[in-house]
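Asker: Work out the full structure, taking the sequences as your base and the hints as a guide.
Going letter by letter, the sequence shown gives residues 14 to 106 in this note's numbering.
Hints were generated in silico from the structure; no laboratory data involved. Some hints here could point you the wrong way.
To be verified - Here are the simulated distance ranges between beta carbons:
no., residue 1, residue 2, range
1, P94, A58, 38 to 48 Å
2, S101, T16, 39 to 49 Å
3, T78, G53, 18 to 28 Å
Said to hold, decoys possible - Computed cross-link-like contacts, DSSO-like style, restricted to lysine-lysine with a CA-CA straight-line distance of at most 30 Å:
no., residue 1, residue 2
4, K76, K65
5, K100, K65
6, K100, K76
Each residue gets a CB set at the ideal place from its N, CA and C atoms; glycine is no exception.
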Amino acid sequence: MTTENTTALLHSILGEIGTAANTLGGELMEACATADACTGRRLHALGALADKIGWLADLALEKTTGSAEIVGDAEDWFLPPSYHAAKSMEGKQ
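Answerer: Structural data, given as structure tokens:
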């Protein structure tokens, strides 16, 4: 049986995991921009893994709190900035 304090601790841990994964993913994306092709592919793969870890933390937060608190849903974690830019323009034209 989980207590209210245990739930609060879990939410804090999940928040730290998601935030760290988001930071790591951003750093890896920046490193990809200046890397050679082989290294860039590896960094991209590591970034995808960081995104998956972060999304799982957000998903767990959503299931326990009702709200994804770090980045958002899978669409927010996995789709590129160009997708989000196009989505934000949807219905404005």
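Asker: Okay, S101 versus T16 on CB: inside 39 to 49 Å?
Answerer: The hinted range 39 to 49 Å holds for S101 and T16, with Cβ atoms some 41 Å apart.
Asker: Is the hinted pair K100 and K65 satisfied, with a Cα-Cα distance of at most 30 Å?
Answerer: 22 Å, holds
Asker: Between K76 and K65, does the CA-CA distance stay at or below 30 Å?
Answerer: 16 Å, holds
Asker: Range first: 38 to 48 Å. Now tell me if the beta carbons of P94 and A58 are that far apart.
Answerer: Violated, since P94 and A58 (Cβ atoms, about 19 Å apart) do not stay within the stated range.
Asker: Hint says 18 to 28 Å; check whether the CB-CB distance for T78 and G53 agrees.
Answerer: Hint violated: Cβ distance 36 Å, outside 18 to 28 Å.
Asker: Hinted pair, alpha-carbon criterion (30 Å max): K100, K76. Please report holds or violated.
Answerer: 25 Å, holds
Comparing the model with each earlier hint shows violations of hints 1, 3; every other hint is respected.
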